[in-house]
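Novice: Chain by chain, the residues run as shown.
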Amino acid sequence: MTTTTHDHDHDHAHHGPAKGITRWLYTTNHKDIGTMYLWFSFAMFLLGGSFAMVIRAELFQPGLQLVQPEFFNQMTTMHGLIMVFGAVMPAFVGLANWMIPMMVGAPDMALPRMNNLSFWILPFAFAMLASTLFMDGGAPNFGWTFYAPLSTTYAPDSVTFFIFAVHIMGASSIMGAINIIATILNMRAPGMTLMKMPLFVWTWLITAYLLIAVMPVLAGVVTMMLMDIHFGTAFFNAAGGGSPVLFQHVFWFFGHPEVYIMILPAFGIVSAIIPAFARKQLFGYSSMVYATASIAFLSFIVWAHHMFTVGIPFLGEAFFMWSTMLIAVPTGVKVFNWVTTMFRGSMTFETPMLFAVCFVVLFTIGGFSGLMLAVAPADFQYHDTYFVVAHFHYVLVPGAVFSIMAAVYYWLPKWSGKMYNETLGKVHFWLSFIGVNVLFFPQHFLGLAGMPRRIPDYALQFADFNMISSMGGFLFGASQLLFLYIVVNTVVAGKPAPAKPWDGAEGLEWTVDSPAPYHTFSTPPKID
Amino acid sequence: MQRRLLRAGAVMAALLVGSAAQADWQFNMPKGVTDISQEVYGLHMLIFWVCVIIGIAVFGVMFYAMFKHRKSKGAVSSNFHESTKVELAWTLIPAVVIFAVGVRATFTLADMYDVDNADMTVEITGYQWRWRYRYINEADPDAEVDYFSSLSTSRDEINNRLAKNENYLLEVDQPLVLPVGQKVRFVLTAADVIHSWWVPELAVKKDAIPGMANEAWTVINEPGTYRGQCTELCGRDHGFMPVVVEAVSQAEFDEWLAGKQEEARQVAELTNQEWSVEQLVERGRGVYQSACASCHQPDGSGIPGAFPAMTGSPIVTGDIQGHIDIVFNGVPGTAMQAFGDQLSPVDLAAVITFERNALGNNMGDMVEPIDILNLNASE
Ligand code: HEM
Ligand SMILES: [Cu+2]
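Quick mapping for you: the protein sequence lines, in order, are chains S and X. Okay, so the first sequence: first residue is 350 according to the working numbering, each after it adds one. Okay, so the second sequence: first residue is 165 according to the working numbering, each after it adds one.
Extracted from the complex, chain S is given alone in its bound form:
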């Protein structure tokens, strides 16, 4: 400990952070870049969330009240795109930037300049995407899955800007992924063997490979759209000999691994937090690693479960049903491992643990509805209804998003050197927990009763559950402002935090001071 403190003083004198705005523009420091990613993703979370508020307000009652169908479709599309590409993915990259070098005992990311670039192109991509709202013909209105030909022949002109924005986001993700792989494979401290790495590092390593494999596919599909729109090709245009179904195959070959990209790092976070607050070692470390790897592998051969109603041949349909059901097995293994870790531990329930435990329960509920959706004949009834909306929001909001919040509460003392207010943290947790369930649970019923997704108005039998869902939505949305307050309040006025605020926590990040010095592990730590 004393040696690191010494390093810290030494570094400050020579190459600490620059002053003013240039610190952030030119920085190659993984901690600064991590911080920027996290703030950026929070801004996008609020933006995407405000679109969700418009959606829920319109759906509060039957009839058209606030917005017209054209604009409603733009809201669902932009909400989905911004939450997926702007909120969840950059948040995980931010966490990776902050934590991976510290967890493997490296001084920084392997490719610091590329790190700077991969962050700084993001604001441009999202500024471009958001600007489409003000264009003639409006923003993209074809859903975040942008099925052709609605997104090609029938799209608003702004689709070209959307394509360009997606290209930039993809480039950013690929650079981020390369950097993470290079860091993990090359920069681990001596003695940090692969099977000693924290699970967060493992899950991110696998996620990074997924990103490298599928972001080019996304780039490919939007490029094919661009060609169809501007250069007279007909990849997706039936009249020209192409096929709209081809679009869906390519999109979901990206899209399904993408959903795991948004959940694997979450598994890593929860696998760090639960042992810390159960004061007991993670159960089944190596089976967790293998389960993650098998989920990643399976994620490439299940894509057509999004396309059960498209009319693929019987054998194809059956294959994708079976492979999808299979993926439930390694996912189950993870959940069982977390529960067994808690069993006969010595638990306390500080805010990070509350979010993590809630993750286990609600993510599992999302997993259950996923298993139901895997049953192809039943999926004919569920597909494109609110049941699906409920499913993916259970895995994404109390799943991915709660894991990110858990991570923020868990590591904020390390990042800022200050302790957040535990009471407020708990209030935030309970409001979010109630809000999210009131918001999304009734959507299961709506879907089963027959309400399609992506509609601005609905039949009268859906009215009651929609109103409840909207109230849950407003509560959840408002609670996130409390989250903002808590974080700002901690950074500005929090009580100083010790180097290791959680007595059960394990890992190299807790061996350095709080706040973590600008440069850590300039000399590699010893690992036994």
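There's no promise every hint is true.
What the hints assert, rightly or not - Among chain X residues calculated to face chain S with C-beta under 8 angstroms, some are:
#1 Q190
#2 V204
#3 A229
#4 E251
#5 A259
#6 E330
#7 V383
#8 F492
Keep in mind that the hints were calculated from the coordinates and are not lab data. Glycine included, C-beta positions come from ideal geometry on N, C-alpha and C.
Take the given structure of chain S and dock chain X with the ligands to it, following the hints.
Specialist: Chain X with the ligands only, in chain S's frame:
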């Protein structure tokens, strides 16, 4: 903020209490009225209960631990962290359970894919934003019944100017009429973007995709009216293209079909008849409301920036050939469809004449159905 939350909470509590009293909320999937829909319902409940049982077991252990193994209760953590036996068990047991469900689902799936030996075939085509039903009649193609089915809920109800009726957004001008007890094969396709045809009570949901012909089938067991909706985002009025199926006895169906065939023959005759402007405008009014008004608006005012107004439009008030051409062939790459193959010559003539002599236009000219028919022949 706080007051608002309180109020929302009060409303919610009222709703929940109300629900117990009313008890007509639909929480679950309908069992439906076909053998397949009942099988699907059975599968849905099976996998649901599998999930519930696993859930109770897992969360049971978890909540027990959360309650008992707290530091505040003096729990001391043990240090077990691996057990191959346990891990093998919780990999294999779920695998076996899932396998059982999978086998049953595969049989149902095979049934759903078996479109052979149908008694009749209906071609379903999705358009932005209505459905077209064509009763394939190979024996007598002239008597083929072919019509559009569009939302009949009024804009006044949607825009909250009128009270909403019980079938709000789930009602159409002309339902799909089918006989009970017959195996009906559906062939689905689309004219513009992808749509998806869904009737929950039949457990039939299939995408209608341009350039592709999908198949599905059903045998309806009970007469009745079954309502569904388009379930693939298809643009602005995706939420406003319901599906209504009316299942009737074979005798009623035959009667209905014969009536429709007679209508088709009459329309063919009307084409050869002579028409006055007034007659065409009268007929065109109805055609315009069902085919054109959703974009160009009932009063012809359009939507600035999206859909041109008909009132005073240079095309509508210009050369009649240009007007016919655009209605007939559409404008590729826009929402303006080619109505040449969607409307009968009579309806085309009627709607064009209507647009020129109503909606604030007063051209005084007309086009006769027979001219359209000739145009059709020359295309
Ligand atoms: C404030 C919390 C949230 C609310 C109230 C909310 C609500 C909604 C609603 C109402 C829809 C549209 C349903 C329809 O298509 O008709 C939707 C779609 C969607 N949401 Fe959320 N959501 C929230 C958070 C999130 C988060 C955090 C994510 C991602 C991490 C997310 C991802 C999506 C996606 C991918 C779609 C599909 C978009 C589309 O189909 O075009 N949501 N959400
Ligand atoms: Cu998937």
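Novice: Hint by hint, note whether the structure agrees.
Specialist: Each hint, compared with the structure:
no., hint, verdict
1, Q190, "4 angstroms, holds"
2, V204, "5 angstroms, holds"
3, A229, "5 angstroms, holds"
4, E251, "5 angstroms, holds"
5, A259, "5 angstroms, holds"
6, E330, "7 angstroms, holds"
7, V383, "16 angstroms, violated"
8, F492, "17 angstroms, violated"
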